[in-house]
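The listed protein sequences correspond, in order, to chains A and B.
Reading the first sequence from the start, the letters are residues 767 to 1141 in our numbering.
Reading the second sequence from the start, the letters are residues 367 to 760 in our numbering.
To be clear, the hints were calculated from the coordinates, so they are not data collected in a lab.
Every value quoted in this text rests on a predicted model; they were computed, and no experiment measured them.
Careful, some of the hints might be misleading.
[As the list claims (entries may be wrong)] With the Cβ distance kept under 7 angstroms, some of the chain B side facing chain A (calculated, not the full set): (1) S408; (2) V442; (3) L572; (4) P573.
We put the CB at the ideal spot given by N, CA and C, even for glycine.
Next come the chains, spelled out residue by residue.
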Amino acid sequence: MTKRASSPILRSATTRKSSSNPNRARLYVTGGTGFVGREVVAEARRRGHATTVATRPASSGRGDPGRSSEARVSVDLRSRHGLVESLDGVDTVIHLAATKEGDFHSQFAGTVVGTENLLAAMTNAGVSNLVAISTFSVYDYLHATPGQLIDERSPIDRNPALRDEYARTKLVQEELYRDFARAGNQVVILRPGMIYGPNNLWHALLGSDFGSRFLRIGRNATLPLTYVENCAEAIILAAERISDPDSALAGEVLNIVDDNLPTQDEYAIEVAAHIDVPPTVTVPWPVMNAVSSAIKATNLHLLHGRAKFPGLLVPDRLHARFKPLRYTNARAKRLLNWTPRFTLVEAIEASVEAEANSRSTRHSAEPLVSFEDRR
Amino acid sequence: MSQSTITKPDRHDDIRDGTGDERSFTDDISLTLRAAVVGTGSISSEHLTFLSGRSRFVDATPGRVAPVAVCDLSPVSARYAAETFDVPNHYTDLERLLEFERPDVVHILTPPSTHVQLASLCLEAGAHVICEKPVAASIDELEALLDVADSCDRKITESHNYCFNPAITDISRLLDDGTLGQLREVEIRIVLPVTDTGGRFGDANLPHPIHSMPAGVIHDFTTHFASLLLHFTGHVRFHRAAAAWSNHSTNPLFRFDDLDALMIGEGPDGPIHGRFRFDAGAGPDTFTVRVYGSRGWAETDLFQPNTRVVIPRAGGSQLSPIANHVANGAELIRNGVANLGRKVMQRTPYEGLHLMLDETYRALATGDTLPVTNDDMRAVARLVDQLLEEKTRL
């Protein structure tokens, strides 16, 4: 997949060392073996925190091997079984786990019921500090004006019936977070934009697969991106501060995006310089917007809103992915004292390098794979 | 569901606090049947769509049924379902629901292993019960439940939803009017990738409750198989049966993932053969029903309805095959277009469920016989038990 050998990455500005952190805590990370979770656990380790990684029973063997500072508990958040016990000795919970696959009910069970069970267990276990990971998807993009600044005060979607399952379930999840905060707990809600990184460079904010080609929607919209390691650092900074009454972080909602956000074209060109990307067909945003709006009007007026079309033809979903808007991370930077360490170029190069390392590791490990595992 | 509605005050809390108007919902519609739903999994959307008058398969019949409450162990699930379908109350405790709401009908949509206990509770509280399949794990459990219903003078029925799909009704009509001749054989085939690890049955993290049933995951489909066969044959006793229950995937999560069953019974007009085939490894997803008569045969796919009828046609034996090709080709083209429309308009294979619920509520309102009777449920349970008996197994 790598198109050009990644040059040695100058990471003098980005290299991080283990620190003797005065705010050391026992962090409990759900989704700790996932795309973001692995980086969050690694960042927690670098900053000297002990972590408890909650993994689902069938995932227990995945991810990094356990470290002395890292405990693993096998729980499925959809069940209350063992959750309270797993939180023993925990200072702060970082809740990353969510279900992004399957039908609405599967995602509701994994994301919403899972959160409900976790928060109930935290209450029973006396754990009151929560770093709640939400998403940029909760905002109301349909009614946003093109070019508008999306920040933490922007309205969330109050009529998400036509949004995708992920947005709908994350909106309900945020309500649970707010209920938990109203009950007297210390909660900060982080809303990351599109999190990119290894094996996730060519993503849904650029377009969609369309047969053998990739249909790109628009060229000039700013992408609300955050590189996975930048995002992980913001999450750990939030975890360190949420228990500090002087930080005034409890009750806050923070958007997590990187500095100097690229446009769709800028990002696509940079990614294409490093990896093979599929052949693309680009449709201008105004054209796609007009087509989807016409289809929605037809559906509402002639079909009583009962017809279901692919997501790109539903304005509520199209706007959430491709509408030209502006974004800011000012609040997160101020309250977390956070500066995204990786620039776009550094992040893409680091991702490509990580992908290459992952492939070589898998290749060298192949002789150890059993016959059964290959089937 | 709007974001604002999820935060609407829970009327149930008002009731518990003694500050709510606990009977106000029925004041103006006291002649309607008050319905409650227990369990908010995926099938609940179909039941609640019907109860809330939003079904696209049956005409809305305001005043005949009103959903009054939803119950689920998960508070947020109960609340979300209630808000989405404009149901006034939601609970996490069925006994409290029965006490405060006094529903006329309760839909039990929880995992099968809970059906008998929850149904008994509802019957004893004076509610009729509409239960998702399988209502019980065996004929003995079913008989005990029917005794409870009798002693409470309440009715209980099981979802035999596919028997009410228009495609099945069409084939029944071909049998009834003699087009297919005398019934000889019914073959039902379901192809579904239930062993996929990303699917709801293949999830090893939190195994689906259906795995605890005698036929494992296939128990989720045995009611469909048996009810459809018996729908065509009537309550024929199959005196010879053989069933190969297999786990071809060897996934230890699954008791069985494959069924090949053959049944032979004596119908009023001669022997009748039944064949069930469940295959988790083939593709694509299929639910075919093929009915052979002495004059011809008909088949349909309930997932992509297209009824093919092969019968003697004008032109005699020489031209009938060609006439069948032409007629079925035209039907295939017509259904290809229709199924595209069905997909866009979100018409799912659950249309039979809506039609069954509609008939059930009509019967409950008038005191008529329910469309799925106690004897229908007994015949299905007996046949499933028969296929699971050791002496039947291949």
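Verification of the hints:
1. S408: holds, 4 angstroms
2. V442: Holds. Min distance 5 angstroms.
3. L572: holds, 5 angstroms
4. P573: violated, 10 angstroms
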